[in-house]
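Protein chains: 2
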Amino acid sequence: MSHRVNVAILGATGAVGTELLELLESRQFPVANLKLLASPRSAGTTLPFRGENLPVEAVSEDSFQGVDIVLASAGASTSKAWAKTIVESGAVIIDNSSAFRMDSQVPLIVPEINPEAAAQHQGIIANPNCTTILMGMAIFPLHQVQPIKRIVVSTYQSASGAGARAMEELKAQAKAILENQTPSTQAFPYPLAFNLFPHNSPLNEEGYCEEEMKMIRETRKIFNAPQLSITATCVRVPVLRAHSEAVNLEFSRPFAPQQAREILASAPGVKLVEEWQANYFPMPIDATGKDEVFVGRIRQDLSHPCGLELWLCGDQIRKGAALNAVQIAELLIEKNLLKSSTSAVSV
Amino acid sequence: MSHRVNVAILGATGAVGTELLELLESRQFPVANLKLLASPRSAGTTLPFRGENLPVEAVSEDSFQGVDIVLASAGASTSKAWAKTIVESGAVIIDNSSAFRMDSQVPLIVPEINPEAAAQHQGIIANPNCTTILMGMAIFPLHQVQPIKRIVVSTYQSASGAGARAMEELKAQAKAILENQTPSTQAFPYPLAFNLFPHNSPLNEEGYCEEEMKMIRETRKIFNAPQLSITATCVRVPVLRAHSEAVNLEFSRPFAPQQAREILASAPGVKLVEEWQANYFPMPIDATGKDEVFVGRIRQDLSHPCGLELWLCGDQIRKGAALNAVQIAELLIEKNLLKSSTSAVSV
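Chains as they are written, first to last, in full-length UniProt numbering: chain H, 1 to 347; chain F, 1 to 347.
Okay, chain H solo, but in the shape it has when bound:
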């Protein structure tokens, strides 16, 4: 038995929005009707879905009537502005923004990690930060075997984290520099091509940027480990759309690299990429467009007897955003957790 559901994508024209559309089609998500919504500025165009060109409509008070699931990826202010309308209309919003992630009433879900949290939803489910999802995928299977005590992570984040416009800006900057011209900056505060800089999200009083605090707080919430010690350094690098992370883990007892390797080799959504002879490990260009989080270079931390080092890459738009959101939607259907579940059409 499967239910067909009515879906809306809010922010359909963005980098994550177009990926959502592609995933709904390629994963044969049981869409009855699909509504593409965007700001009035982006409305009016069409996007392809299952051989049809669907119109992108300007979002309005009436947009969510009859909709079961809203996949929202239009930024925190848009999500905050429309969440109440969406919930009152009877839909569940799976929100890719940071608007509700740390709200204690809102489940924050990576389906491979904490699917059980979905049952608590009250109309809103939050999709975690991309960097957080990717790290969680690689380390939660280890955490289940032996609880992690402390995480020291450094990120290598692609332009896509700042949207489609930022990816185009990176390419335009590279072209300008190669032609000895001055690169222009709009999406980012500084040139990213042939350069890198600490993540440009706002800093708190302790000197951590928002992106780093997301990794810290969201990982604790997803893992249900409020005391987990985490520090992060988030950095933007001139890569198009996959993030990488160097992760140092501390456990209470030694964690044999070989055991970690075996655990991750069979972990859902994880691909172990370690060709030691060829010095071949996860790389952004290989992870781009892939569903799995690529993990490798698993090794004993030489500085700590209970430490483990690993390296990962994952597609920031896919598992880091759109794929995880679609998986949450699939979970809601599978567990009959849509508010409209009782009335959904059995096909």
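Hints listed in this document are in silico derivations from the structure and should not be mistaken for laboratory results.
Keep in mind that this is a model prediction, so the values were computed, not measured.
Among the clues, some could well be false.
Since the list gives no way to pick out one identical chain from another, each pair is judged satisfied if it fits inside one copy or across any two copies.
Pairs of lysine to any residue, SDA-like flavour, derived with a Cα cap of 20 Å [stated by the list, open to error]:
{"id": "1", "residue 1": "K335", "residue 2": "Q227"}
{"id": "2", "residue 1": "K290", "residue 2": "Y190"}
{"id": "3", "residue 1": "K149", "residue 2": "S42"}
{"id": "4", "residue 1": "K271", "residue 2": "G207"}
{"id": "5", "residue 1": "K339", "residue 2": "G123"}
{"id": "6", "residue 1": "K290", "residue 2": "T46"}
{"id": "7", "residue 1": "K84", "residue 2": "R41"}
{"id": "8", "residue 1": "K290", "residue 2": "T78"}
{"id": "9", "residue 1": "K271", "residue 2": "Q28"}
{"id": "10", "residue 1": "K80", "residue 2": "F188"}
{"id": "11", "residue 1": "K149", "residue 2": "S229"}
{"id": "12", "residue 1": "K149", "residue 2": "T18"}
{"id": "13", "residue 1": "K171", "residue 2": "Q181"}
{"id": "14", "residue 1": "K290", "residue 2": "P111"}
{"id": "15", "residue 1": "K171", "residue 2": "P183"}
{"id": "16", "residue 1": "K290", "residue 2": "L23"}
{"id": "17", "residue 1": "K171", "residue 2": "R217"}
{"id": "18", "residue 1": "K175", "residue 2": "L240"}
{"id": "19", "residue 1": "K149", "residue 2": "C306"}
Please build the complex by placing chain F on the supplied structure of chain H, with the hints as guidance.
Just chain F, lined up with the frame of chain H:
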């Protein structure tokens, strides 16, 4: 009083070699005669120095007669092949390769850190690995105030670490990708443009690459701290010539960020770059061509009461290689540590 000395650059045509030439001129190094040496393949060309075009000669048994200082930057095998000849000819070799760094008879020197070690030389002085020098510059001033217990470092290393050819390859790859062509790889095993990968130096049985082991072993030797716990993840990024590093330090007691900031603000060869309001911190494009190691984002590690996080960028060719070598040469003159010191001409 200053002495004029005869200098030879071995590997004059490489990325570091040409920077050595520029530094000898711009720092008004007291050169009497300068000899440019390279492999027979690279010989025959000329390079500019103080308004003259000096010939690049093929290195031979006779090349080092009358030379006081050899600045060697032609790789470990070349240094190993010529060191004995150089030392026997009465010159001191300041070697930029890894050939002698961990030799207990050979001082490994960063002049701001352990200048006193130069007095022990027996004709060979080793210039440390670039990544090691840059990190050492930023953390030794803190280590002096309170000994560091443990270092967890992740690097963001530019193409220049693999030489001038690698920098050209990165640009050519970026151009190819922007034109929808397949990038070619020769200097690196994988495309670096719009990509990154774990450092491509050989791996040991524990899964650490040579670059990481250099950071671990060389830092201990330079700091004279054989028990210092260090782990490193070294990564190549598509940046032209400055390295960046995310450094996590653990002390025995808390180290106040403000105190660290004050120490580093007055540390020799270090430039504190922290504009918190503007979210402006060290960036490779700003550190390129500069002598100082740029340090910033100094903050309390949220995962450990005695932890401190910092971020640094430094020109890999300059302080990471050529500048440090020239500074060692200046130190030898200043401390009368040339083997020819007694016979050098007073001017």
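These are the hints, each one checked on the structure:
Taking identical chains as interchangeable, the C-alpha atoms of K335 and Q227 are never at most 20 Å apart, the minima being 30 Å within one chain and 54 Å between chains. In the homo-oligomer, the alpha carbons of K290 and Y190 lie at most 20 Å apart only across protomers (19 Å), although the nearest pairing inside one protomer, at 29 Å, exceeds that limit. Proximity of K149 to S42 under the C-alpha cut-off of 20 Å is found in neither arrangement, the shortest distances being 46 Å within a copy and 54 Å between copies. Taking the closest pair of Cα atoms, K271 and G207 come within 20 Å of each other only across two copies (18 Å); inside a single copy the shortest separation is 34 Å, beyond that limit.
Within a single copy, K339 and G123 get their C-alpha atoms as close as 8 Å, which meets the 20 Å cut-off; across copies the closest is 80 Å, which misses it. Taking the closest pair of Cα atoms, K290 and T46 never come within 20 Å of each other, the shortest separation being 26 Å inside a single copy and 50 Å across copies. Within a single copy, K84 and R41 get their C-alpha atoms no closer than 22 Å, and across copies no closer than 73 Å, so neither meets the 20 Å cut-off. Proximity of K290 to T78 under the C-alpha cut-off of 20 Å is found in neither arrangement, the shortest distances being 28 Å within a copy and 44 Å between copies.
Taking the closest pair of Cα atoms, K271 and Q28 never come within 20 Å of each other, the shortest separation being 23 Å inside a single copy and 55 Å across copies. In the homo-oligomer, the alpha carbons of K80 and F188 never lie at most 20 Å apart, since the shortest distance is 24 Å inside one protomer and 47 Å across protomers. With identical chains, the CA atoms of K149 and S229 are at most 20 Å apart both within one copy (6 Å) and between copies (19 Å). Taking CA atoms no more than 20 Å apart as the test, K149 paired with T18 passes in neither setting, with 38 Å inside one copy and 48 Å between copies.
When the C-alpha separation of K171 and Q181 is checked against a cutoff of 20 Å, the pair qualifies both within a copy, at 13 Å, and between copies, at 14 Å. In this homomeric assembly, K290 and P111 come within 20 Å of each other (Cα to Cα) only inside a single copy, at 17 Å, whereas the closest approach across copies is 48 Å. Taking the shortest alpha-carbon separations for K171 and P183, both the intra-copy value of 10 Å and the inter-copy value of 15 Å come in at or below 20 Å. In the homo-oligomer, the alpha carbons of K290 and L23 lie at most 20 Å apart inside one protomer (12 Å), although the nearest pairing across protomers, at 47 Å, exceeds that limit.
Taking the shortest Cα distances, K171 and R217 never come within 20 Å of each other, neither inside one copy (33 Å) nor across copies (39 Å). With identical chains, the CA atoms of K175 and L240 are at most 20 Å apart both within one copy (14 Å) and between copies (15 Å). Taking CA atoms no more than 20 Å apart as the test, K149 paired with C306 passes in both settings, with 10 Å inside one copy and 15 Å between copies.
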